[in-house]
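Student: Starting from the known structure of chain A, fit chain B onto it as the hints suggest.
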Amino acid sequence: DTEVTQTPKHLVMGMTNKKSLKCEQHMGHRAMYWYKQKAKKPPELMFVYSYEKLSINESVPSRFSPECPNSSLLNLHLHALQPEDSALYLCASSQVGGGLYEQYFGPGTRLTVT
Amino acid sequence: QQQVKQSPQSLIVQKGGISIINCAYENTAFDYFPWYQQFPGKGPALLIAIRPDVSEKKEGRFTISFNKSAKQFSLHIMDSQPGDSATYFCAVVPTGNAGNMLTFGGGTRLMVKP
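Here the protein sequences come in this chain order: A and B.
Per the working numbering: the first sequence = residues 1 to 114.
Per the working numbering: the second sequence = residues 1001 to 1114.
Okay, chain A solo, but in the shape it has when bound (with noise of 0.2 Å):
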């Protein structure tokens, strides 16, 4: 099973409103991913967390907040959020070290600020 869920599918929140994107995944992988991605562009890391702690953060407005509670699930809260930051929010998951380097990705939450 090399699947990753996420909810909601869809989201429209209007700035003032504090939302929370959820992703799971059962392949017992340790590193987990937050991914944005506007229309006809590549994905752009945000956040990576490795062994439930985060790692990586590209230097992302505060408005966004990763949780990793444990090694199957990973939120990002949102806040106070502008329009531009409406796109699709990607999750990932991979194995960490090893060589193992394969991620595999949710089906994204479709994200429209008002």
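Simulated from the structure, these hints should not be mistaken for lab results.
Any given hint might turn out to be false.
Said to hold, decoys possible - Lysine-lysine pairs mimicking BS3-like chemistry, simulated, CA-CA at most 25 Å apart:
(1) LYS53/A / LYS1005/B
(2) LYS1068/B / LYS1015/B
(3) LYS36/A / LYS1042/B
(4) LYS1113/B / LYS40/A
(5) LYS1071/B / LYS1015/B
(6) LYS1071/B / LYS1058/B
(7) LYS40/A / LYS1068/B
(8) LYS53/A / LYS40/A
(9) LYS41/A / LYS1005/B
(10) LYS53/A / LYS19/A
(11) LYS38/A / LYS18/A
(12) LYS1057/B / LYS1005/B
(13) LYS22/A / LYS1042/B
(14) LYS19/A / LYS1071/B
(15) LYS1068/B / LYS1113/B
(16) LYS38/A / LYS1005/B
Tutor: Then chain B, alone, in the frame of chain A:
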């Protein structure tokens, strides 16, 4: 600082033809070269990948050719089908990168005409 340049940006191929997408990278210290396929509204899916000690890898109709001295790698899709119509991203993973950070090329939108 673009480390991976992908071409062409878009490609139209007749059914049964060969689709060729190229990527060039700017740094020699990469360990892993995957290709991802993304359909509209979906997350990227790992299609095929190669390591730098191999010059070619074939999986079904998909072949990666790797030229280490030229710092280039390409994806060949043989007998292209309308169902192959998607956006394709090449990517690289730096050597010794425990976080498996992917750097993506800009993407190629492939359309296969019936």
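Student: Taken at face value, is the distance from the CA of LYS1015/B to the CA of LYS1068/B at most 25 Å?
Tutor: violated, 31 Å
Student: Between the alpha carbons of LYS53/A and LYS40/A, is the straight-line distance 25 Å or under?
Tutor: Measuring from Cα to Cα gives roughly 31 Å; hence the hint is violated.
Student: Given the hinted pair LYS1057/B and LYS1005/B, is their alpha-carbon gap at most 25 Å?
Tutor: Status holds; Cα separation ~21 Å.
Student: Tell me if the straight-line CA distance from LYS1071/B to LYS1058/B falls inside 25 Å.
Tutor: Between LYS1071/B and LYS1058/B the Cα gap is close to 19 Å, so the pair holds against 25 Å.
Student: Holds or violated: LYS53/A and LYS1005/B, Cα atoms, limit 25 Å.
Tutor: violated, 32 Å
Student: Is it true that the CA of LYS1071/B sits at most 25 Å from the CA of LYS1015/B?
Tutor: Violated, because 30 Å separates the two Cα atoms, which is more than 25 Å.
Student: Just to be careful, I want the Cα atoms of LYS1113/B and LYS40/A compared with a cutoff of 25 Å; is the pair within it?
Tutor: holds, 20 Å
Student: Taken at face value, is the distance from the CA of LYS1005/B to the CA of LYS41/A at most 25 Å?
Tutor: holds, 13 Å
Student: Check the hint pairing LYS38/A with LYS1005/B against an upper bound of 25 Å on the C-alpha distance.
Tutor: Answer holds: LYS38/A to LYS1005/B is near 18 Å, not above 25 Å.
Student: Has the given pair, LYS53/A with LYS19/A, been kept, meaning a C-alpha gap of at most 25 Å?
Tutor: holds, 22 Å
Student: So if I understand the rule, the pair passes when the alpha-carbon distance is 25 Å or less; does LYS36/A with LYS1042/B pass?
Tutor: Roughly 13 Å between the alpha carbons, so the hint for LYS36/A and LYS1042/B holds.
Student: Do the alpha carbons of LYS22/A and LYS1042/B lie within 25 Å of each other, as the hint requires?
Tutor: holds, 16 Å
Checked against the numbered hints listed earlier, the structure breaks hints 1, 2, 5, 7, 8, 14, 15; every other hint is satisfied.
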